[in-house]
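Make a model of the complete structure from these sequences and hints.
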Amino acid sequence: IHTIHTSVQRLFYRITLMKKILLLLILSFCYTSAVNACVQPVDPKETYSEHTKRALKKLLPLAEEGNVEATYTIGLIYSYDNGIIRDFEKGVKWLTKAADLGKVIALNEIGSQYYWDWRNHNYKKGFEYYKLAAEKGDYDAQQMLGRMYSYGHGVTQDIEQSIYWYTKQASHWSFYAIAHMYIDDKVTTPDPEKALYWLTKAAEHGNRGAQLELSLISEDEYYGDFEESCPQGCGFGYLSLSGRCIKRFW
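Each residue of the sequence shown is one higher than the one before, counting from 1 in my numbering.
Honestly, the hints are just simulated from the structure, not real lab data.
Keep in mind that the hints are not guaranteed to be accurate.
Estimated spans, in silico, between C-beta atoms of each pair [said to hold, decoys possible]:
no., residue 1, residue 2, range
1, 206, 159, 16 to 26 Å
2, 167, 50, 42 to 52 Å
3, 205, 85, 35 to 45 Å
Cut-off 30 Å, straight-line C-alpha distance, at most; resulting in silico cross-link-like pairs (DSBU-like, lysine-lysine) [to be verified]:
no., residue 1, residue 2
4, 58, 93
5, 168, 194
6, 53, 93
7, 124, 57
8, 131, 93
9, 131, 194
10, 93, 136
11, 90, 136
12, 93, 124
13, 103, 168
14, 90, 53
15, 131, 97
16, 136, 168
17, 201, 168
18, 125, 103
19, 124, 103
20, 131, 103
21, 136, 103
22, 58, 90
Backbone N, C-alpha and C define an ideal beta-carbon position, used for all residues, glycine too.
Structure, rendered in structure tokens:
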């Protein structure tokens, strides 16, 4: 479940970014200056690469004038595969400029580059930028700090700090992530009572994953301590958590 949850997180993150970039590219054609706007139709015969390069030509002068949205968009274009050759260094450079202009989400994007990109992977730098963004109120960065503290990525593992950042702006995803900390024995000692407590909170706030997991646990079974490992799998009346069987609670 944890592996599926992580994969879904990454996929959702990528899709969200692509939508964001496409929207900003469209908006970029509506700038003639920081104040005045125009409408310029997109040539249907134009390739994605040509479209991106034309957007860059329009965005660069605006960015040089200090337009924060143009600066941020250029950073995103270079950071991801958007019809041009991806350039990590240029992406970070432009995102840093955007952050200097007050774009807090740009700090989160730089953190994401260092955390998720296997070619330039650096947990410590990722943590540094996520923390800067999180302290300025960026929700996604706060959630990533929760993750990094839970796994000890770029920082000493600290479950209390993980819960602190996960619940800074609490959501059903926060509760769900905390629940899985107490299920995944790679994070901490499995604790079925705490896992079920946080799964319940996540389910109550509308998390479908938590609702599904809780639906697999019958209502009439008394909750008890960990039972011995079940080599043949957990039988009726038990829930499997991290390779062990516990009596069903829900």
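Is the hinted pair residue 53 and residue 93 satisfied, with a Cα-Cα distance of at most 30 Å?
OK: residue 53 and residue 93 at ~18 Å, within 30 Å.
Regarding the pair residue 90 and residue 136, is the alpha-carbon distance no greater than 30 Å?
Distance ~24 Å between residue 90 and residue 136 Cα, so the pair holds.
Is residue 131 close enough to residue 194, meaning Cα to Cα at most 30 Å?
holds (27 Å)
Holds or violated: residue 90 with residue 53, Cα cutoff 30 Å?
Measuring from Cα to Cα gives roughly 15 Å; hence the hint holds.
Quick one, are residue 131 and residue 93 close enough, alpha carbons at most 30 Å?
Roughly 19 Å between the alpha carbons, so the hint for residue 131 and residue 93 holds.
Take a look at whether the Cβ-Cβ distance between residue 167 and residue 50 falls inside 42 to 52 Å.
This hint holds: roughly 46 Å between Cβ atoms.
Is the Cα-Cα distance between residue 125 and residue 103 30 Å or less?
holds (18 Å)
Hinted pair, alpha-carbon criterion (30 Å max): residue 93, residue 124. Please report holds or violated.
Holds, at about 18 Å.
Does residue 103 sit within 30 Å of residue 136, going by the straight-line distance between their CA atoms?
holds (10 Å)
30 Å Cα cutoff - pair residue 131, residue 103
holds (15 Å)
Cβ separation of residue 206 and residue 159, checked against the hinted range 16 to 26 Å:
This hint holds: roughly 25 Å between Cβ atoms.
Does residue 168 pair with residue 194 here, judged by a C-alpha cut-off of 30 Å?
Holds. Residue 168 to residue 194 sits at ~19 Å (cutoff 30 Å).
In terms of the numbered hints stated before, the structure departs from hint 7 and from no other.
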